[in-house]
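Line order of the protein sequences matches chains A and B. The first sequence begins at 1 in the working numbering and counts up one residue at a time. The second sequence begins at 1 in the working numbering and counts up one residue at a time.
These are calculated hints, taken from the structure and not from any lab test. Misleading hints may appear alongside valid ones.
Claimed, not checked - Here are a few chain A residues that face chain B, going by a calculated C-beta distance under 10 Å: (1) Met13; (2) Leu54; (3) Arg101; (4) Ser121.
Claimed, not checked - Just so you have them, the derived chain B footprint on chain A, three or more residues with Cβ under 8 Å: (5) 28-40; (6) 210-223; (7) 268-274.
As the list claims (entries may be wrong) - Example chain A residues on the side facing chain B (calculated, C-beta under 10 Å, incomplete): (8) Leu126; (9) Phe187; (10) Ile190.
Quick caveat, the model's predicted, so the values are computed rather than measured. Note that the Cβ used here is the ideal one computed from N, Cα and C, for glycine as well.
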Amino acid sequence: MMTVSSRSFWGGMSQAFLWALLLSVGVIVVYPLLWMALGGFKSNSQIFEQPFALPLQWSFANYLSAWRGVQGYMVSSLLITAVSTVTTVFISAWAAFGLTRTPMPAKPLVTAIVLGGMMLSPTVALVPLVRMLQSLGLYDTHWALIILYTAFRVPFTTFLIRAYMLDLPRDLDEAAMMDGASPGQIFRRIILPLCRPIIMSCIVLHILFAWNEYLFAMIFTNNPSVQTLPVGLTSMMSKQGTDFAQVFAAMTISALPIVIIFFLTQRYFIRGLTEGIGK
Amino acid sequence: MAAISQIIQNGSVAGAAAPRRAAPRRRRWPEPGRLASRILALRWIALALIIVGWFVYYPIIDNFLVSTTNQDIFTGEVMHVGLENYRRLADDPVVLTALWNNTAYALLSILFQVFGAFCLASIVEGLRSSRWRNFWRAVYFVPSAISTTVTGLLFYFIYQPNIGILDGLLTGLGLEQWSRIWLGDESTAIYAIIAMSQWQGFGYSTLLFTIAIQKIPRELYDAARMDGAGPLRQLWNITFPLTREMTGMMIIVTITGAFQVFNEVMVMTGGGPNNSSQVLGTWLYQQGFIQNDMGYAAAIASVVFAVTMLAASAQLWFTRRRRVQA
Chain A
1 MMTVSSRSFW
11 GGMSQAFLWA
21 LLLSVGVIVV
31 YPLLWMALGG
41 FKSNSQIFEQ
51 PFALPLQWSF
61 ANYLSAWRGV
71 QGYMVSSLLI
81 TAVSTVTTVF
91 ISAWAAFGLT
101 RTPMPAKPLV
111 TAIVLGGMML
121 SPTVALVPLV
131 RMLQSLGLYD
141 THWALIILYT
151 AFRVPFTTFL
161 IRAYMLDLPR
171 DLDEAAMMDG
181 ASPGQIFRRI
191 ILPLCRPIIM
201 SCIVLHILFA
211 WNEYLFAMIF
221 TNNPSVQTLP
231 VGLTSMMSKQ
241 GTDFAQVFAA
251 MTISALPIVI
261 IFFLTQRYFI
271 RGLTEGIGK
Chain B
1 MAAISQIIQN
11 GSVAGAAAPR
21 RAAPRRRRWP
31 EPGRLASRIL
41 ALRWIALALI
51 IVGWFVYYPI
61 IDNFLVSTTN
71 QDIFTGEVMH
81 VGLENYRRLA
91 DDPVVLTALW
101 NNTAYALLSI
111 LFQVFGAFCL
121 ASIVEGLRSS
131 RWRNFWRAVY
141 FVPSAISTTV
151 TGLLFYFIYQ
161 PNIGILDGLL
171 TGLGLEQWSR
181 IWLGDESTAI
191 YAIIAMSQWQ
201 GFGYSTLLFT
211 IAIQKIPREL
221 YDAARMDGAG
231 PLRQLWNITF
241 PLTREMTGMM
251 IIVTITGAFQ
261 VFNEVMVMTG
271 GGPNNSSQVL
281 GTWLYQQGFI
291 QNDMGYAAAI
301 ASVVFAVTML
311 AASAQLWFTR
321 RRRVQA
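Isolated chain A, as found in the complex (with noise of 0.2 Å):
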């Protein structure tokens, strides 16, 4: 809206303004994680004395031993967010076909019930959680992760694909009961592919939030070898706080994949929100 003719002078005047008010939140935003990716290749007393100087040699040492250090939650880590996207995913298609397509008896208050599932908060089920995992022998396993991390995103995916199936024409799927198919090759034949779209945006908000989950991961898992990057940062900073430039450079290694994987597929993410948000 800020049509301003530019040729006017106060019109450039705003415009110069406005550019300046961008770059300066742009700065804001970005020089810490610049700072942060810098300080990987300082040495230790260089992150003391010049901390804002460029490094004064660009060694990758750091970063070699800190991904050592922290590889293993990186596995961790790609596993529970590689299983729960599939498990969360496939079962939300699946609550979202039966909602939309299926003659479902009390639809409206098993959509309710799933749905309604978006505005119950972690943080009000950690306790009993604690007690039914361990009774369940989940506890400190990578299992305990993948469950909570789907039964926490089942409700807003399904809830997305759900929309998304809701305005699918209906024609395909009469066709192609009249000619016989069974609901589930319906499912697998037409609708599935049909909701590409929406389904690459849920993997992708699934990766973002599963990547970078934290409370469930600090306190359901206690064994290095089950707990996921976020927690590994923790014990990491308590263990080596005093080697900073390390930990620098694990927080850099456990940040890079999340941004690079956000700027790839931006545009399946926004359209996501989009969807997310309401028509």
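Since chain A is already given, all that's left is putting chain B on it; use the hints.
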């Protein structure tokens, strides 16, 4: 990220209740009377119902039961104490501090992440080049994609007196007298954490606002310009009223998120110094998992539940009112 995903989650609740386009609903299957096929259709939803019911709904109910008990740490004996834990809440000064800190979190987040982000989004959307629009949106969003553990640790370092860049920056600007041990000072710790949160979260809400602004028909702006309305007038008379739903929703989502804050406080101060930066989430953790007082922790969780439910019903009320108006 927990807070962010919560925003994504809650942000969509309004969408869930939003009126769908009124397409005539036809019955899906021609012969719906067959009871067996209708029951069989439940298999599509069964897994979702089981996992959500078991791990999301049941624990919430169980939480209330736990909150009326106290467990002896040594004997493991469970005693029913009625509302005793809730009475303790009222006498606990840290609960009061935590409530205030959560409220400050909510208020400042509304200021920066709702109104600040709205202004920023309208500036970004005002740019003529779509390449630059996408560029700024993406750049501002980056911190939101990163885990709160990383950003929390990063700002923990930034606030440090010796290696941190904040004090160095203040010194460079000749404002040395402002510098302090940000996270070690009872009067600034929580605000330093809140500031980090704004840095991390505003790009996300800016993105949501740009999406909302894009949905406003261009003709409205053209017409306003013909009537001689300047950019600020257009902002106030068109953009603001037409994104009001989004703004209202974001306020509620921000409040919900602010009462669930945990990660950033845990990483940056752990609630210290002297409990000055405790929020409900970290106090719950401290009581339940450090002091092993699960009953009391469950009572704190009930407070979080009450506030988030209040916000959720406000959200439903908000969307329902919108439906009536439409």
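For each hint, the structure was consulted:
For Met13 of chain A, the shortest C-beta to C-beta distance to chain B is roughly 13 Å, which exceeds 10 Å, and the interface hint is violated. At a threshold of 10 Å, the smallest CB-CB gap from Leu54 of chain A to chain B is about 14 Å, leaving the interface hint violated. A distance limit of 10 Å between C-beta atoms decides the matter here; for Arg101 of chain A the minimum to chain B is near 6 Å, and the interface restraint holds. Contact between Ser121 of chain A and chain B, as hinted, is supported at the beta carbon level, the nearest pair being about 5 Å apart and thus within 10 Å.
Residues of the region 28-40 of chain A with a Cβ under 8 Å from some Cβ of chain B number 8, which satisfies the need for three, so the listed coverage holds. Chain B is given as covering the region 210-223 of chain A, and this holds because 7 residues of the stretch bring a CB closer than 8 Å to a CB of that chain, at least three being needed. For the region 268-274 of chain A, the stated coverage by chain B is satisfied: 3 residues place a CB nearer than 8 Å to a CB of that chain, which reaches the threshold of 3. Residue-level restraint check for Leu126 of chain A holds (minimum Cβ-Cβ distance to chain B is 7 Å; threshold 10 Å).
For Phe187 of chain A, the shortest C-beta to C-beta distance to chain B is roughly 8 Å, which falls under 10 Å, so the interface hint holds. Here the hint on Ile190 of chain A is broken, as its CB sits about 14 Å from the closest CB of chain B, past 10 Å.
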